[in-house]
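Participant: Sequence:
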Amino acid sequence: MAKKHVAVLLGGFSAERPVSLSSGNACADALEGEGYKVTRIDVTRDVSSVLAELRPDVVFNALHGPFGEDGTIQGILEYLEIPYTHSGVLASALAMDKERAKRVAKAAGIPVAEARVMNRFDIGNKHPMKPPYVVKPVKEGSSFGVVIVQEDQSHPPQVIGSSDWRYGDTVMVERYIHGRELTCAVMGDVALGVTEIIPVGHTFYDYDAKYVAGGSKHECPAKVSPIIYQKIQTLALKAHQAIGCRGVSRSDFRYDDRHSENGELIWLEVNTQPGMTPTSLVPEIAAEAGHGFGELLSWMVEDASCLR
Numbered sequence: 001m002a003k004k005h006v007a008v009l010l011g012g013f014s015a016e017r018p019v020s021l022s023s024g025n026a027c028a029d030a031l032e033g034e035g036y037k038v039t040r041i042d043v044t045r046d047v048s049s050v051l052a053e054l055r056p057d058v059v060f061n062a063l064h065g066p067f068g069e070d071g072t073i074q075g076i077l078e079y080l081e082i083p084y085t086h087s088g089v090l091a092s093a094l095a096m097d098k099e100r101a102k103r104v105a106k107a108a109g110i111p112v113a114e115a116r117v118m119n120r121f122d123i124g125n126k127h128p129m130k131p132p133y134v135v136k137p138v139k140e141g142s143s144f145g146v147v148i149v150q151e152d153q154s155h156p157p158q159v160i161g162s163s164d165w166r167y168g169d170t171v172m173v174e175r176y177i178h179g180r181e182l183t184c185a186v187m188g189d190v191a192l193g194v195t196e197i198i199p200v201g202h203t204f205y206d207y208d209a210k211y212v213a214g215g216s217k218h219e220c221p222a223k224v225s226p227i228i229y230q231k232i233q234t235l236a237l238k239a240h241q242a243i244g245c246r247g248v249s250r251s252d253f254r255y256d257d258r259h260s261e262n263g264e265l266i267w268l269e270v271n272t273q274p275g276m277t278p279t280s281l282v283p284e285i286a287a288e289a290g291h292g293f294g295e296l297l298s299w300m301v302e303d304a305s306c307l308r
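Note that full-length UniProt numbering numbers the sequence shown so that position 251 is 251, with each residue one more than the last.
Careful, some of the hints might be misleading.
[As the list claims (entries may be wrong)] PhoX-like cross-link-like pairs, simulated, lysine-lysine; straight-line CA separation at most 25 Å:
1) Lys238 - Lys106
2) Lys106 - Lys130
3) Lys217 - Lys231
4) Lys139 - Lys126
5) Lys238 - Lys223
6) Lys238 - Lys139
7) Lys106 - Lys231
8) Lys4 - Lys37
9) Lys139 - Lys106
10) Lys37 - Lys3
[Unchecked claim] Distance ranges between label pairs, derived from CB positions:
11) Val50 - Ser260: 31 to 41 Å
12) His259 - Gly35: 34 to 44 Å
13) Gly179 - Glu99: 28 to 38 Å
Rather than coming from a laboratory, the hints here were simulated on the basis of the structure.
Don't be surprised by glycine CBs; every beta carbon is placed ideally from N, CA and C.
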């Protein structure tokens with residue numbers, strides 16, 4: 001039986017274009033290795049006409065950031081009736097909006113950090129909440145625009161209100177959670193393993209820590225108690241289901257165990273388009289669970305559908 005023709009969407013025009021190129025090319029190479037016919041599409045504004053002419057059997061969505069993971073490309077693929085990977089229109093849009101996703105997660109009984117959404121110009125010179133806290137754009141990925149305000153800072157960082165800010169005027173101000181960075185991948189209806197991310201030479205898991213080789217160390221599986229490990233898996237699957245994710249997703253957590261082993265475990269967000277670069281977490285977590293890179297991608301292609 002002939003393998004499917006897969007169009008891999010990569011690149012695009014968001015700030016995360018370099019990550020998407022790396023993810024997409026890695027996926028395309030691996031899918032070719034699995035015997036699929038692969039066409040790479042560096043996405044531009046005329047992607048709908050390109051796809052309408054090409055008519056692939058499946059679209060593998062390797063885009064990151066706005067347009068690629070906010071429900072927009074998913075809506076185009078629904079209109080064209082081309083099966084695609086990852087989450088559908090609603091889940092993608094919801095997960096991309098950090099504040100609304102947090103509301104849904106909280107309603108599902110998932111522990112989240114106290115936060116408020118505000119216009120960045122309203123922050124001014126007065127702290128919007130007691131430091132330490134985090135300021136982040138409500139609709140960006142890859143840690144773009146994330147600012148950590150430390151306890152000893154007398155006023156908010158000036159960059160938030162400056163003309164250099166490129167991440168929109170609406171931001172979320174969230175209580176900073178001390179402790180460890182943990183993440184868990186979900187594949188279909190199964191929570192895979194938990195990895196601890198240890199930034200190397202970075203104060204937190206920022207863009208360079210994520211994507212530059214040597215920027216972070218991954219402890220896979222994470223060295224936490226079995227109770228905490230299982231709790232993270234349970235919460236990751238619960239978030240995946242509450243937000244309506246499909247295919248593969250990845251939930252991020254903070255775990256403060258400074259004072260006790262049980263500590264405080266907080267869900268941060270779900271990523272509906274996890275990176276697939278050589279330094280990415282999901283392929284590593286899947287491999288630990290016995291799923292090679294090619295097998296993981298083949299599963300995603302065969303899982304693809306419309307009306308997700």
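Participant: Within 25 Å, alpha carbon to alpha carbon, are Lys37 and Lys3?
Facilitator: This hinted pair holds, its Cα atoms lying about 7 Å apart.
Participant: Hinted pair, alpha-carbon criterion (25 Å max): Lys238, Lys139. Please report holds or violated.
Facilitator: holds (22 Å)
Participant: When you take the CB atoms of Val50 and Ser260, is the distance between them in 31 to 41 Å?
Facilitator: Given a distance of about 55 Å, which is not inside 31 to 41 Å, the answer is violated.
Participant: Next pair to validate is Lys217 with Lys231; report whether the Cα-Cα distance is within 25 Å.
Facilitator: Roughly 23 Å separates the two Cα atoms, so the pair holds.
Participant: At the C-beta level, are His259 and Gly35 separated by a distance inside 34 to 44 Å?
Facilitator: violated (53 Å)
Participant: Holds or violated: Lys139 with Lys106, Cα cutoff 25 Å?
Facilitator: With Cα atoms ~19 Å apart, Lys139 and Lys106 stay inside 25 Å; holds.
Participant: Check whether the Cα positions of Lys238 and Lys223 lie no farther apart than 25 Å.
Facilitator: holds (22 Å)
Participant: For the pair supplied as a hint, Lys139 and Lys126, confirm whether the alpha-carbon distance does not exceed 25 Å.
Facilitator: Since the Cα atoms of Lys139 and Lys126 sit roughly 24 Å apart, the hinted pair holds (cutoff 25 Å).
Participant: Is Lys238 close enough to Lys106, meaning Cα to Cα at most 25 Å?
Facilitator: holds (11 Å)
Participant: Given the hinted pair Lys106 and Lys130, is their Cα-Cα distance within 25 Å?
Facilitator: holds (22 Å)
Participant: Hey, Lys106 versus Lys231, does the alpha-carbon distance stay inside 25 Å?
Facilitator: The given pair, whose Cα atoms are some 16 Å apart, holds under the 25 Å limit.
Participant: Do the beta carbons of Gly179 and Glu99 sit within 28 to 38 Å of each other?
Facilitator: violated (22 Å)
The structure fails hints 11, 12 and 13 (numbered hints given earlier, in ascending order).
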